[in-house]
Amino acid sequence: MDYFLTEEQKLLQEIAYEVTKEKIRPVRAQLDESEEFPRNLMDILAKTDLFGVCIPEEYGGLGGGVFENCLVVEQIARGCIGIATTFAATGLGIYPILLGGSKELKKKYLPDIAAGKKLAAFALTEPGAGSDVSAIITRAVKAGNEYVITGTKQWITNGGEADIYTVFAITDPSKGPRGASCFVVEKGDPGFSFGKKEKKLGIRASATRELIFNECKIPKDRLVGREGMGFILAMKTFDKSRPGIGALGVGLAQEALDIAAEYARKRVQFGKSIISFQAIQHKLADMAIKVEAARSLIYSAAKYIDTEPKDASKVAAMCKVFASDVAVEVALEAVQILGGYGYMRDYPVEKLLRDAKILQIYEGTNEIQRNIIGQEINKEYGRKKESIL
Amino acid sequence: MHIVVCLKQVPETQNIRIDPETHTLVRQGVASILNPFDYFALEAALKIKDERESVKVTAITMGPPQAKDVLIDALSRGADDAILISDRAFAGADTWATSFTLAAAIKKLEPVDLIICGKQAIDGDTAQVGPELATILNWPYATYVKNVEFLDNSTLKITRQTDEGYAVWKLPLPALLTILKDVGDPRPRSYKCTLRARKYDIPTWGVTDLNLDENQVGLKGSFTQVIKVFSPERRKDKLILEGSVDELVEQLYSWLKEQRIPGI
Ligand SMILES: Cc1cc2nc3c(=O)[nH]c(=O)nc-3n(C[C@H](O)[C@H](O)[C@H](O)COP(=O)(O)OP(=O)(O)OC[C@H]3O[C@@H](n4cnc5c(N)ncnc54)[C@H](O)[C@@H]3O)c2cc1C
Numbered sequence: 313m314d315y316f317l318t319e320e321q322k323l324l325q326e327i328a329y330e331v332t333k334e335k336i337r338p339v340r341a342q343l344d345e346s347e348e349f350p351r352n353l354m355d356i357l358a359k360t361d362l363f364g365v366c367i368p369e370e371y372g373g374l375g376g377g378v379f380e381n382c383l384v385v386e387q388i389a390r391g392c393i394g395i396a397t398t399f400a401a402t403g404l405g406i407y408p409i410l411l412g413g414s415k416e417l418k419k420k421y422l423p424d425i426a427a428g429k430k431l432a433a434f435a436l437t438e439p440g441a442g443s444d445v446s447a448i449i450t451r452a453v454k455a456g457n458e459y460v461i462t463g464t465k466q467w468i469t470n471g472g473e474a475d476i477y478t479v480f481a482i483t484d485p486s487k488g489p490r491g492a493s494c495f496v497v498e499k500g501d502p503g504f505s506f507g508k509k510e511k512k513l514g515i516r517a518s519a520t521r522e523l524i525f526n527e528c529k530i531p532k533d534r535l536v537g538r539e540g541m542g543f544i545l546a547m548k549t550f551d552k553s554r555p556g557i558g559a560l561g562v563g564l565a566q567e568a569l570d571i572a573a574e575y576a577r578k579r580v581q582f583g584k585s586i587i588s589f590q591a592i593q594h595k596l597a598d599m600a601i602k603v604e605a606a607r608s609l610i611y612s613a614a615k616y617i618d619t620e621p622k623d624a625s626k627v628a629a630m631c632k633v634f635a636s637d638v639a640v641e642v643a644l645e646a647v648q649i650l651g652g653y654g655y656m657r658d659y660p661v662e663k664l665l666r667d668a669k670i671l672q673i674y675e676g677t678n679e680i681q682r683n684i685i686g687q688e689i690n691k692e693y694g695r696k697k698e699s700i701l
Numbered sequence: 202m203h204i205v206v207c208l209k210q211v212p213e214t215q216n217i218r219i220d221p222e223t224h225t226l227v228r229q230g231v232a233s234i235l236n237p238f239d240y241f242a243l244e245a246a247l248k249i250k251d252e253r254e255s256v257k258v259t260a261i262t263m264g265p266p267q268a269k270d271v272l273i274d275a276l277s278r279g280a281d282d283a284i285l286i287s288d289r290a291f292a293g294a295d296t297w298a299t300s301f302t303l304a305a306a307i308k309k310l311e312p313v314d315l316i317i318c319g320k321q322a323i324d325g326d327t328a329q330v331g332p333e334l335a336t337i338l339n340w341p342y343a344t345y346v347k348n349v350e351f352l353d354n355s356t357l358k359i360t361r362q363t364d365e366g367y368a369v370w371k372l373p374l375p376a377l378l379t380i381l382k383d384v385g386d387p388r389p390r391s392y393k394c395t396l397r398a399r400k401y402d403i404p405t406w407g408v409t410d411l412n413l414d415e416n417q418v419g420l421k422g423s424f425t426q427v428i429k430v431f432s433p434e435r436r437k438d439k440l441i442l443e444g445s446v447d448e449l450v451e452q453l454y455s456w457l458k459e460q461r462i463p464g465i
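Each protein sequence line maps, in turn, to chains A and B. Under our numbering, the first residue of the first sequence carries the number 313, and numbering increases by one thereafter. Under our numbering, the first residue of the second sequence carries the number 202, and numbering increases by one thereafter.
Please keep in mind that the hints were generated in silico from the structure rather than gathered at the bench. Since we're looking at a predicted model, the values are computed, not measured. Every residue, glycine too, gets a C-beta built ideally from N, C-alpha and C. Please note that the accuracy of each hint is not assured.
[To be verified] If you want a taste of the chain A side facing chain B, the calculated C-beta under 10 Å gives, among others: (1) E326; (2) M354; (3) I356; (4) L362.
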C-alpha cells in the first residue's frame, strides 16, 4: 500500500532497510545465539545519520518527529527487534532531554547522540516498581551544587553499553508522584555501576542490565526540567515512544509474513505447494490484514501525535497494544505455516516468535495500555453532552 | 589532502552478452552495478577522511552517461565531489586508453595526493588500469593493498598481499593504491549525504575538457583489440579418481603413464 510519503520519508525507509538487508539479516541468528551486544551494527547505523531522526537539526539531527522515527524503526525491526530495541532505546533515553531539558543539556548531549557517537538509556523501572512507576524508591538528595543518587534500577535496555542515562528518582518523598525528578547520569560518574546482564527469551542482541547508584554524585545542572517534573516527563516520553514500539511490531510482523508467504509457495506437500491449500491462504490473508491495519494505525497516529494533541496518551497506547498483539499473532502463525521447520533454529521464525513477546511487556504492559485507553474513554464520555440512549 | 577514487560501473555478472561486431560488452538491458571491488577503494578513502583532518575525496568514473549512478552512490556514502568522464570518443577503450584518459582527468584535478582503485573490475578482470594509470603519471603504486597507515603527511605505510605472504612498504605521496576487501566493510549510505547527492550536479568531462586528441582515446587509442570473446567449451574428458591417498597416487600415476606424458 502507498502511504504517500515524501521523498525524504521514503529515503529514511530505504536507508534503514538497506542496513537490515545487507548488515542485520545476515547476522541476526548468530547474535541471538551469542547474545552479543551489536556494537558494530550501532557503528554502522551511526554512519546512516538515522540516530538523529527525531533530534532537531540545530543539534545535528534530521529534525523528524514520531512519524519519521516509526518509519525508521519499522525497517530495522524487519531485520531484528533486538537490534531495533537497542537503537530505539537511545531515542527513549533522550526524549526526556528533548522534551524538558535546558538548552545547555541539549547542546551537551544531543549532537553526540545524533552522530551515533554515544548511546543512551532510559531508567525508570525498579525491582519493586514495574507497572506501578509511582512506587520507585531511588532517591536523589540535593547537596550544595550536586545531587546524590542512591538506589537500583532494573532491566534497563542498553544498561552498561550506553554513555548517557536518563534516571528517574524521588527528590521529595512527601509529594508522592509529584516528588519525582529526572536526571542525566553519565557512565563513569562516581558511585554509578552496573549489575549482571539478564538472560532473556528473546531480543537477545539487546543488553538488559541493572543500574546501581551508590551515593552517585552528579552536578546539579543535570536535572532535566524542574524538580517534581519526573513523572510528567516520563509519561510525555511514552506518548512519543509507544508508537515506535508499535512500529517494531509492524516490522517484525511484516518479516514473519514475508517469510511465511515465500515458504508457502515453495513447500510442496501432497504434490502441491502448500499455499494452494485454502487453510494456508486464509492464514496468510489474516496475517496480511493485521499487518496493514497495524501499519495504518501507527502511521496515522504517529502523524497525529506530532501535532501535540491533548489525547496523545490514549492514541499512543492504542498503537502499542494493537501492533504488539499483531506481532505476536502473526509470528505465531508464521511458525505454524512453516510447520516443523518453523520450530527449528535453522529458520528465522522461531526467533520472531520469541522476540515478539517483549513488545506486549516493555514500555508499559498491554494491560496497562488498555487501562490508559479505558480510563480516557470513561473521561471522554463523561464530558460528552450529546446522548444517544 | 585530496584523494581520488576511481570507480567503474560494470554489468551484473549474470547474463553478459558480447556484441559480435565490436567484441565488447552489450550494456543495453543489463543491470549495471558498481564494481564490487571498488566499494573497498571508496571505503579506504572514506576511512582516511574519518581519521585525518581536511581530507577531500573525489570519485571519478569513465563510462556512458548512466555511469553517473555509481558516482551518486559514492556521494551518498560520503565522497565530497564527483566527476563523470564521458564522451562518445571514449567508447571501446582498452585498459591503456582508459588509463590515459583517467590520467588526463587526474591532471585536471591536481593537486591530488592519493589515487585509490579497486583491485580489479569484475567484467574485464585485468587489474591493469591502476598500475597503468600510475605509470602514465609516473607515480609510485602498490597493488593488492590490505592496510593503509600514514607515517606522516606525505608518507604511507601500506601492507600488500603477495603470493608468498605480506609485504610492508613505505610509499611517498603522491601515490596510487589498488585495494583489497581487508580494508573494511563498505559503509552504508548516509541520509544527509544521499540528499546532497540527489541535488549534486555532476560535471561531465569529455575529450575537449581534457585537451585530448580523439586518436589517443577510445577504440582508436587502444593498443589491444578484442578479436573474439567466447565461453570456453565444457571439457568432457574429465576423470574423477576415488580412494585413499595411496590408491589415488597409484591411479594417477598409471593414468599419466597411459597418456605417455614425457618423463613418466
Ligand atoms: C527486556 C526488557 C527491557 C526493558 N527495558 C526497560 C528500560 O529500558 N527502561 C525501563 O525503565 N524499564 C524497562 N523494562 C521494564 C518494563 O517496562 C517492565 O517490565 C514493565 O513496565 C512491567 O513491569 P513488571 O515487569 O514489573 O510487571 P508488573 O508490573 O509486576 O506486572 C505483572 C503483570 O501484572 C499486570 N498488571 C500490573 N498492574 C496491573 C493493573 N493495574 N491492571 C492490570 N494488570 C496489571 C501486568 O500487566 C503484568 O501482566 C524492560 C523490561 C524488559 C523485560
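Status of the hints after comparison with the structure:
no.: 1; hint: E326; in the structure: 8 Å, holds
no.: 2; hint: M354; in the structure: 12 Å, violated
no.: 3; hint: I356; in the structure: 6 Å, holds
no.: 4; hint: L362; in the structure: 6 Å, holds
Going through the hint list in order, the structure does not satisfy hint 2, though it satisfies all others.
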